[in-house]
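Asks: Chains B and H, in that order, give the protein sequences. In case it helps, our numbering puts the first sequence at residues 154 to 500. In case it helps, our numbering puts the second sequence at residues 154 to 500.
These are calculated hints, taken from the structure and not from any lab test. Errors might be hidden in some of the hints.
The list treats identical chains as one, so a pair stands whether inside a single copy or across any two.
[Stated by the list, open to error] Taking lysine to aspartate or glutamate and the EDC-like style, the derived pairs with C-alpha atoms no more than 20 angstroms apart in a straight line are:
| no. | residue 1 | residue 2 |
| --- | --- | --- |
| 1 | K227 | E433 |
| 2 | K481 | E341 |
| 3 | K227 | E347 |
| 4 | K401 | D280 |
| 5 | K434 | E397 |
| 6 | K434 | E405 |
| 7 | K274 | D195 |
| 8 | K401 | E433 |
| 9 | K401 | D436 |
| 10 | K434 | D372 |
| 11 | K227 | E342 |
| 12 | K252 | E342 |
| 13 | K227 | E341 |
| 14 | K434 | E196 |
| 15 | K350 | E196 |
These are the residues of each chain, in order.
2 protein chains.
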Amino acid sequence: MGDPVTIALDAMGGDHGPSVVIPAAAIALVRHPPMRFILVGDEAKIVAELAAYPQLAERSEVVHTDVAIAMDAKPSQALRRGRWKSSMWLAIQAVRDGKADAVVSAGNTGALMAMSKFCLKTVKGIDRPAIAAIWPTVAAECIVLDVGANVGADSRQIVEFALMGAAMARALFGMERPSVGLLNIGVEEVKGVEQIKEAAQVLREAPLPIRYHGFVEGDDIGHDVVDVVVTDGFTGNIALKTAEGTAKQIGEYLRAAMGRSLLARLGAILAQGAFRALKEKMDPRQLNGGIFLGLNGIAVKSHGGTDATGFASAVDLAYEMASSGVVKRLGSDVAQFHTKLELEGAA
Amino acid sequence: MGDPVTIALDAMGGDHGPSVVIPAAAIALVRHPPMRFILVGDEAKIVAELAAYPQLAERSEVVHTDVAIAMDAKPSQALRRGRWKSSMWLAIQAVRDGKADAVVSAGNTGALMAMSKFCLKTVKGIDRPAIAAIWPTVAAECIVLDVGANVGADSRQIVEFALMGAAMARALFGMERPSVGLLNIGVEEVKGVEQIKEAAQVLREAPLPIRYHGFVEGDDIGHDVVDVVVTDGFTGNIALKTAEGTAKQIGEYLRAAMGRSLLARLGAILAQGAFRALKEKMDPRQLNGGIFLGLNGIAVKSHGGTDATGFASAVDLAYEMASSGVVKRLGSDVAQFHTKLELEGAA
């Protein structure tokens with residue numbers, strides 16, 4: 154991409170609106186100076202926040218609208234009332250119209266998915282978009298999807314998730330043939346629900362640009378067993394939140410243990426650099442952002458309650474996704490897969 | 154229970170057989186001196202191990218058999234070949250015949266469930282047994298089920314899991330009305346799959362000896378939101394293993410952080426008491442054991458690869474379950490529930 158990457162931000166999304174989104178954009182801009190922004194929302198509020206960040210102001214275009222999607226709006230309601238005019242919609246539309254390379258919103262997940270599907274449309278050959286998360290592992294990171302776009306998935310959708318996750322790993326991590334595993338309750342071929350067993354058979358046999366690993370279990374996700382972990386949106390969401398909850402819980406144990414005795418407190422002071430590094434590694438804000446895959450454009454969902462540090466991570470992610478050319482990669486991988494399936498008469 | 158609690162042990166189960174099971178029984182006996190054991194398996198091997206533990210030998214009866222169930226046997230195969238004669242079967246049968254109050258095995262989970270169902274039979278009014286786990290929380294513990302007995306569950310089974318988990322909490326934690334939550338991908342009533350929404354409606358309206366909390370998410374499990382978390386066996390197994398994997402992963406981060414600099418290493422030495430306490434708290438062996446609920450008897454599954462410390466935890470759990478009268482509690486709760494449903498004409 155020769156031109157600077159432009160990111161459209163829904164400035165009114167999330168629990169804090171422009172007071173988090175604008176400082177976050179300023180943080181991300183320092184890390185990626187060629188970036189430009191389209192800031193969508195209440196102009197007066199956005200301009201007031203921008204006053205503190207002249208460099209950001211210089212590289213931003215403000216698009217005004219009075220309409221914002223409520224955090225608790227139902228997706229269908231949000232689509233009906235917020236289409237064509239809400240800050241969320243207009244930020245997505247900037248991607249559709251080629252004015253922006255990606256959109257980031259901390260708004261309502263269901264509304265963002267409904268509007269993104271309606272506005273950007275699903276990639277040809279993909280049944281349903283998925284939300285991918287980047288999951289920290291012992292040695293690096295892996296991609297997990299779907300973490301909540303759908304409440305279930307049939308075997309065809311699971312295969313598509315595998316393709317989409319692999320395309321993302323190829324684009325984002327620069328891998329030629331990422332390894333892909335299906336999340337299951339055992340690694341033996343006979344284990345699990347029917348749709349997963351069927352998807353496994355397709356992945357084993359189809360000539361795809363992936364290394365199909367087989368089944369993986371919950372404790373494999375963070376241990377670098379595969380580059381891409383594929384599951385349905387119900388299970389993936391629960392796995393992701395369970396891991397986040399466990400990390401928080403252990404942080405609380407650790408704090409309690411280190412405060413218990415004088416020696417422990419002294420030790421904690423000496424090791425404070427190490428604890429700081431650990432805290433940073435475990436900070437959920439470092440990997441904030443669900444990536445919508447399978448759409449004709451990049452949309453990133455930030456946690457609604459995050460601060461500027463967290464939202465800036467979501468902007469970083471959008472920047473990396475936009476620079477990686479993942480949408481093209483995904484489209485051509487999917488097209489190739491369907492061509493092959495049709496040739497085999499299996500589609 | 155006036156008489157001492159007797160536990161039947163499948164001495165041949167698990168990766169290590171009697172060399173782990175016998176020392177584990179000795180550890181558990183120190184903690185619960187009135188306990189007695191029935192040790193089932195290769196008599197020569199068992200007696201050889203018992204030589205080191207005269208107190209245990211005095212309180213144990215050895216039942217000999219040559220047949221052991223392979224760790225990788227298919228449940229149907231295990232049932233066909235191992236029925237009436239394997240160490241796993243004979244240990245379960247001791248419970249059925251009233252000679253033991255509970256059985257513990259580190260053998261193949263599927264085989265143990267198939268044999269336990271066949272031998273002990275399912276409690277009247279329960280469609281399918283479940284496996285419950287005790288999950289450490291920030292402040293205490295909660296019960297999570299099903300963690301893998303079934304690959305799915307319909308709404309009726311989910312309601313039964315709720316009843317069974319609550320009966321276990323009432324018996325084991327001494328609670329009058331435990332709070333129960335259904336694991337879901339959001340806390341709003343409209344979220345989730347159909348069978349969970351249907352189960353929620355039954356739990357909201359039925360006059361049960363529980364406080365129905367509503368939906369909980371993955372990050373609520375460890376944070377003392379409810380006493381009992383109910384889910385299907387697929388999701389529950391993945392949540393449990395994801396949490397175990399995350400705890401292990403953070404342990405690795407912590408070790409790496411503490412070894413990074415001289416100051417950190419010195420701090421770690423000073424705080425070693427605190428680290429030891431933390432390690433113990435995070436040690437998966439402390440809460441080793443899946444409890445089979447819904448059968449006419451108590452069966453506890455230990456991890457196959459655990460050591461004597463881990464297997465001893467499973468024996469402790471069987472002891473507590475046997476002492477708590479959970480099987481009677483569960484039977485009467487279920488019978489009462491079905492009577493009420495029938496009176497309402499809903500069954």
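Asks: Evaluate each hint against the coordinates.
Replies: Here is what the structure says about each hint:
| no. | hint | in the structure |
| --- | --- | --- |
| 1 | K227 with E433 | neither (35 angstroms within a copy, 45 angstroms between copies) |
| 2 | K481 with E341 | neither (35 angstroms within a copy, 36 angstroms between copies) |
| 3 | K227 with E347 | between (32 angstroms within a copy, 18 angstroms between copies) |
| 4 | K401 with D280 | neither (35 angstroms within a copy, 36 angstroms between copies) |
| 5 | K434 with E397 | both (13 angstroms within a copy, 18 angstroms between copies) |
| 6 | K434 with E405 | both (15 angstroms within a copy, 12 angstroms between copies) |
| 7 | K274 with D195 | neither (27 angstroms within a copy, 65 angstroms between copies) |
| 8 | K401 with E433 | both (13 angstroms within a copy, 18 angstroms between copies) |
| 9 | K401 with D436 | both (9 angstroms within a copy, 17 angstroms between copies) |
| 10 | K434 with D372 | both (19 angstroms within a copy, 18 angstroms between copies) |
| 11 | K227 with E342 | between (40 angstroms within a copy, 12 angstroms between copies) |
| 12 | K252 with E342 | neither (47 angstroms within a copy, 38 angstroms between copies) |
| 13 | K227 with E341 | between (40 angstroms within a copy, 11 angstroms between copies) |
| 14 | K434 with E196 | neither (36 angstroms within a copy, 52 angstroms between copies) |
| 15 | K350 with E196 | neither (52 angstroms within a copy, 42 angstroms between copies) |
When each numbered hint is compared with the structure, violations occur for hints 1, 2, 4, 7, 12, 14, 15.
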